[in-house]
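Read in our numbering, the sequence shown has 265 at position 265, and its numbers run on one by one without any break.
These are computed hints drawn from the structure, not numbers from a lab.
Errors might be hidden in some of the hints.
[Unchecked claim] Calculated pairs, BS3-like style, for lysine-lysine (alpha carbon to alpha carbon, straight line, at most 30 Å):
#	residue 1	residue 2
1	Lys233	Lys2
2	Lys222	Lys123
3	Lys168	Lys85
4	Lys168	Lys158
5	Lys222	Lys233
6	Lys7	Lys233
7	Lys158	Lys176
8	Lys123	Lys219
9	Lys217	Lys233
[As the list claims (entries may be wrong)] Pair by pair, the computed Cβ-Cβ distance ranges are:
#	residue 1	residue 2	range
10	Asn67	Ala172	37 to 43 Å
11	Leu159	Lys7	48 to 54 Å
12	Gly173	Glu46	53 to 59 Å
13	Met153	Asp206	36 to 42 Å
14	Ile5	Glu47	51 to 57 Å
15	Pro169	Asp71	26 to 32 Å
16	Arg214	Lys123	16 to 22 Å
17	Leu236	Lys123	20 to 26 Å
18	Ile22	Ser202	28 to 34 Å
19	Leu205	Asp71	47 to 53 Å
20	Asp206	Thr295	29 to 35 Å
For each residue, glycine too, the CB sits at the ideal point set by N, CA and C.
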Amino acid sequence: MKKYIIKRVLSVIPVLFIVSIIAFSLTHLAPGSPASTILGENATQEEIDALEEEMGLNLPLPVQYINWLVDVFHGDLGTSVVGSKPVTEMIASYFAPTISLTIFSTIISILLALPLGMLAARKRGSAVDAAVNGITLAGISVPGFLVGLLLMMLFCVKLGWLPVSGYKPLSAGLWKHIRCLILPSFALGFSHSAIMMRMTKSSMLDVLNSDYIRMAKAKGVKEFFLVTKHAFKNTLVAVITVIGQSIIGILSGAAVIETMFNIPGMGFLIVNSIGRRDYEVIQGVVLVIALINVTISLIMDLIYGLIDPRIRLD
1 MKKYIIKRVL SVIPVLFIVS IIAFSLTHLA PGSPASTILG ENATQEEIDA
51 LEEEMGLNLP LPVQYINWLV DVFHGDLGTS VVGSKPVTEM IASYFAPTIS
101 LTIFSTIISI LLALPLGMLA ARKRGSAVDA AVNGITLAGI SVPGFLVGLL
151 LMMLFCVKLG WLPVSGYKPL SAGLWKHIRC LILPSFALGF SHSAIMMRMT
201 KSSMLDVLNS DYIRMAKAKG VKEFFLVTKH AFKNTLVAVI TVIGQSIIGI
251 LSGAAVIETM FNIPGMGFLI VNSIGRRDYE VIQGVVLVIA LINVTISLIM
301 DLIYGLIDPR IRLD
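Go ahead and model the full structure; you've got the sequences and the hints to work with.
Quick look at the structure:
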């Protein structure tokens with residue numbers, strides 16, 4: 001087990017290194033300059049060149065990357081060129097809303113997907129199965145922002161039950177915090193629940209047709225325990241894989257929903273930073289999100305080893 005853990009941890013290092021190169025390259029190859037954004041439209045080219053030299057943006061890209069990477073290893077993600085604030089402080093202030101949104105979206109996805117996927121597998125060919133297939137198709141086909149707009153129109157404009165936009169921190173009260181995250185969490189988690197639902201159903205069908213399930217039926221095991229205990233246990237590896245991918249997808253795709261519902265999360269921060277050409281913030285946010293995603297993948301790999309000893313031994 002120790003070798004398995006060490007192998008998985010070491011595999012994270014090259015992934016983060018590659019992500020840092022991609023994030024840095026794409027940011028600096030994009031048109032525009034932070035210097036021109038800071039000085040405004042009326043700035044002359046001489047003024048822009050002088051500010052770029054002061055900021056070190058005139059150096060070759062490999063030199064800039066190495067300087068940035070050295071600072072990252074020392075825990076310094078740089079300073080925002082617009083707000084003149086440390087990037088780590090900015091990410092910390094925008095971190096909690098994104099994590100809350102990710103957690104609630106994942107919970108909604110799991111609560112929708114697992115019971116309906118198991119039910120569709122058990123009632124294969126019935127009206128229940130057809131209804132679940134319809135929900136799955138809708139979740140895969142309809143984009144999250146459109147689901148958000150429809151929910152906003154119904155529950156906010158028509159019924160007035162929930163706020164249209166905004167965010168309340170957990171310190172303002174649990175209900176106020178949950179209330180402002182219900183619609184964006186459902187809009188973000190619905191499409192991922194559809195994928196999870198389909199995988200749960202497919203995995204359950206494979207297990208329900210196996211010999212040991214027929215043996216359990218012959219021994220008189222009740223249907224509820226047959227599905228939830230015996231069958232579902234052997235689909236955990238596939239289901240956990242989809243859950244991990246869903247968490248990564250939700251975290252990475254939160255930018256559109258956060259902007260739509262005016263939630264001050266990391267996606268909201270990176271969208272605004274792109275418009276301002278704030279290189280340091282963009283690179284820092286991308287690197288932090290990549291680190292979280294890699295950590296989630298690492299945790300999933302370790303869970304695989306705990307659930308299935310064959311994976312650990314291989």
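These are the hints, each one checked on the structure:
| no. | hint | result |
| --- | --- | --- |
| 1 | Lys233 <-> Lys2 | 25 Å, holds |
| 2 | Lys222 <-> Lys123 | 16 Å, holds |
| 3 | Lys168 <-> Lys85 | 23 Å, holds |
| 4 | Lys168 <-> Lys158 | 22 Å, holds |
| 5 | Lys222 <-> Lys233 | 16 Å, holds |
| 6 | Lys7 <-> Lys233 | 26 Å, holds |
| 7 | Lys158 <-> Lys176 | 20 Å, holds |
| 8 | Lys123 <-> Lys219 | 21 Å, holds |
| 9 | Lys217 <-> Lys233 | 16 Å, holds |
| 10 | Asn67 <-> Ala172: 37 to 43 Å | 41 Å, holds |
| 11 | Leu159 <-> Lys7: 48 to 54 Å | 53 Å, holds |
| 12 | Gly173 <-> Glu46: 53 to 59 Å | 54 Å, holds |
| 13 | Met153 <-> Asp206: 36 to 42 Å | 40 Å, holds |
| 14 | Ile5 <-> Glu47: 51 to 57 Å | 54 Å, holds |
| 15 | Pro169 <-> Asp71: 26 to 32 Å | 30 Å, holds |
| 16 | Arg214 <-> Lys123: 16 to 22 Å | 18 Å, holds |
| 17 | Leu236 <-> Lys123: 20 to 26 Å | 21 Å, holds |
| 18 | Ile22 <-> Ser202: 28 to 34 Å | 33 Å, holds |
| 19 | Leu205 <-> Asp71: 47 to 53 Å | 52 Å, holds |
| 20 | Asp206 <-> Thr295: 29 to 35 Å | 30 Å, holds |
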